[in-house]
Structure formats: structure tokens, C-alpha cells
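Novice: This is what each chain is made of:
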Amino acid sequence: DAKTTQPTSMDCAEGRAANLPCNHSTISGNEYVYWYRQIHSQGPQYIIHGLKNNETNEMASLIITEDRKSSTLILPHATLRDTAVYYCIVRVANTNAGKSTFGDGTTLTVKP
Amino acid sequence: GAGVSQSPSNKVTEKGKDVELRCDPISGHTALYWYRQRLGQGLEFLIYFQGNSAPDKSGLPSDRFSAERTGESVSTLTIQRTQQEDSAVYLCASSQSFTVFYTEAFFGQGTRLTVV
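From first to last, the protein sequence lines are chains A and B. Using our numbering, read the first sequence as starting at 1 and increasing by one per residue. Using our numbering, read the second sequence as starting at 1 and increasing by one per residue.
So here's chain A without its partners, still in its complex pose:
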């Protein structure tokens, strides 16, 4: 699996957009970008994934650069409950995704 790098921590004001970057410069053509988050010590929660097109769902948007070497997760209107550790991982679709090892992620703190 391609390695990803993320900033250790970020702050965001409540109600503003949170933009979380992820670098995956060694991503291969058949690897998807997946985002998860983990609140406190709960299990990770799936957020969104994409291959090369930008994606949007009820939780977030995912912007992938044209060269696919980096991506940004956007939480359009962050709330205090979005405070969590956000993980970016890359994986070939339909492989055993559960065998991924999540890196240290980005700790997002949403402040009032």
C-alpha cells in the first residue's frame, strides 16, 4: 500500500470549513484514497473514498489532485462533534481493506 503523510494536528473554528490534507505521492493507478475518523477511543468511522474524481457525501467532500499525489478532506461546516483523529489511507479496491494499518492521522480540534 502507498504511504500517506498527514499533519499531526489542526485547529478549526466552529462553523468554518475544515480542510485536512493528505500526501500520497507513491499512489498507484488502482489505489483508492479512503478517509476515516476516530472519536475518542471508539472504532474508526468511514467518511468517504475516491479514485480520481472529487466526491461528496452527507459528511464531507474529497478533493483529489489531478496527479493523484495528494488529496484534501473538507468538512464544510465543522462542529464541535467533528473533533477527532482523521486518517487517510490508500488501498486497492476490493482487496482486504481491513488489513490496512492506519498511520497516526491528523488530530482535528474544532474550537467554539
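What the hints contain is simulated information worked out from the structure, not anything from laboratory work. Each statement offered as a hint is correct.
Pair ranges (Cβ atoms, derived): (1) G15/A <-> A54/B: 45 to 53 Å; (2) N52/B <-> H77/A: 42 to 50 Å; (3) Q80/B <-> I74/A: 44 to 52 Å; (4) M59/A <-> G40/B: 19 to 27 Å; (5) G15/A <-> N52/B: 47 to 55 Å.
Stretches of chain A that chain B covers, calculated by requiring three or more beta carbons in the stretch to come under 8 Å of a beta carbon on chain B: (6) 42 to 55; (7) 98 to 107.
Straight-line Cα separation of at most 30 Å, DSSO-like style, residue types lysine-lysine; simulated pairs: (8) K11/B <-> K99/A; (9) K57/B <-> K99/A; (10) K99/A <-> K3/A; (11) K3/A <-> K69/A; (12) K17/B <-> K99/A; (13) K99/A <-> K52/A; (14) K15/B <-> K99/A; (15) K57/B <-> K15/B; (16) K57/B <-> K3/A; (17) K11/B <-> K57/B; (18) K69/A <-> K52/A; (19) K99/A <-> K69/A; (20) K57/B <-> K17/B.
Keep in mind the model is a prediction, meaning the values are calculated, not measured. For each residue, glycine too, the CB sits at the ideal point set by N, CA and C.
Mind docking chain B on chain A? Use the hints.
Specialist: What follows is chain B alone, placed relative to chain A:
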């Protein structure tokens, strides 16, 4: 049950002792995973069970770690001769199959293991 259940929720043990952690997956989920999460770090894959197939043990850090699962039911993770570096939260997850892990995996609340 309604979700993945893990027990105990907390375990304090003395260095050198053996511990057993239990995971009750969601009924009907054939895929079951164990992870370790050290304080301030991401999830580290340990072992994967799929139905009655031989488990994938590729993530186990040493031979002190082992896990069992009978069919599609309960799984136990055993750590022998515990060391202080084994202190972590151990998470279990299950899904209907590995192909839907990303969107349909369910995690337990974890067992916080402290080795003193």
C-alpha cells in the same frame, strides 16, 4: 447482538502474565479483525479471520500473540508473557465480508490493556 461486543473493557495485568481478550462479532459477519492501538497512534492490524479459512496472522508482532475463532462466532486474542509495550487498546471489528470493510465494518469499544 446489536453490535460488536468486547470484554473486558479494561484489563490491568502484571508483566509476565497471560491475558485473554474476547470479541463477539455481529451475527452473520464472516470477517473478523483484531487491531492494536497504542496511545496517540493509529490502528495496527494484527490478525484477520474469514469464515472457516485459515486466519491471516501477518500482523501479529510476536509469537506471544495468538488468536482463535470458531466458525463465525466468538474470537479470543491471547497475549502470553505480557510486556509493558503490550499496553494498548485492542479493537475488534467485523464485517459481512472483507470487500465491504470500508463502508460496513463495525468496531467494538475495545479492551484497554495496561501491563504494570
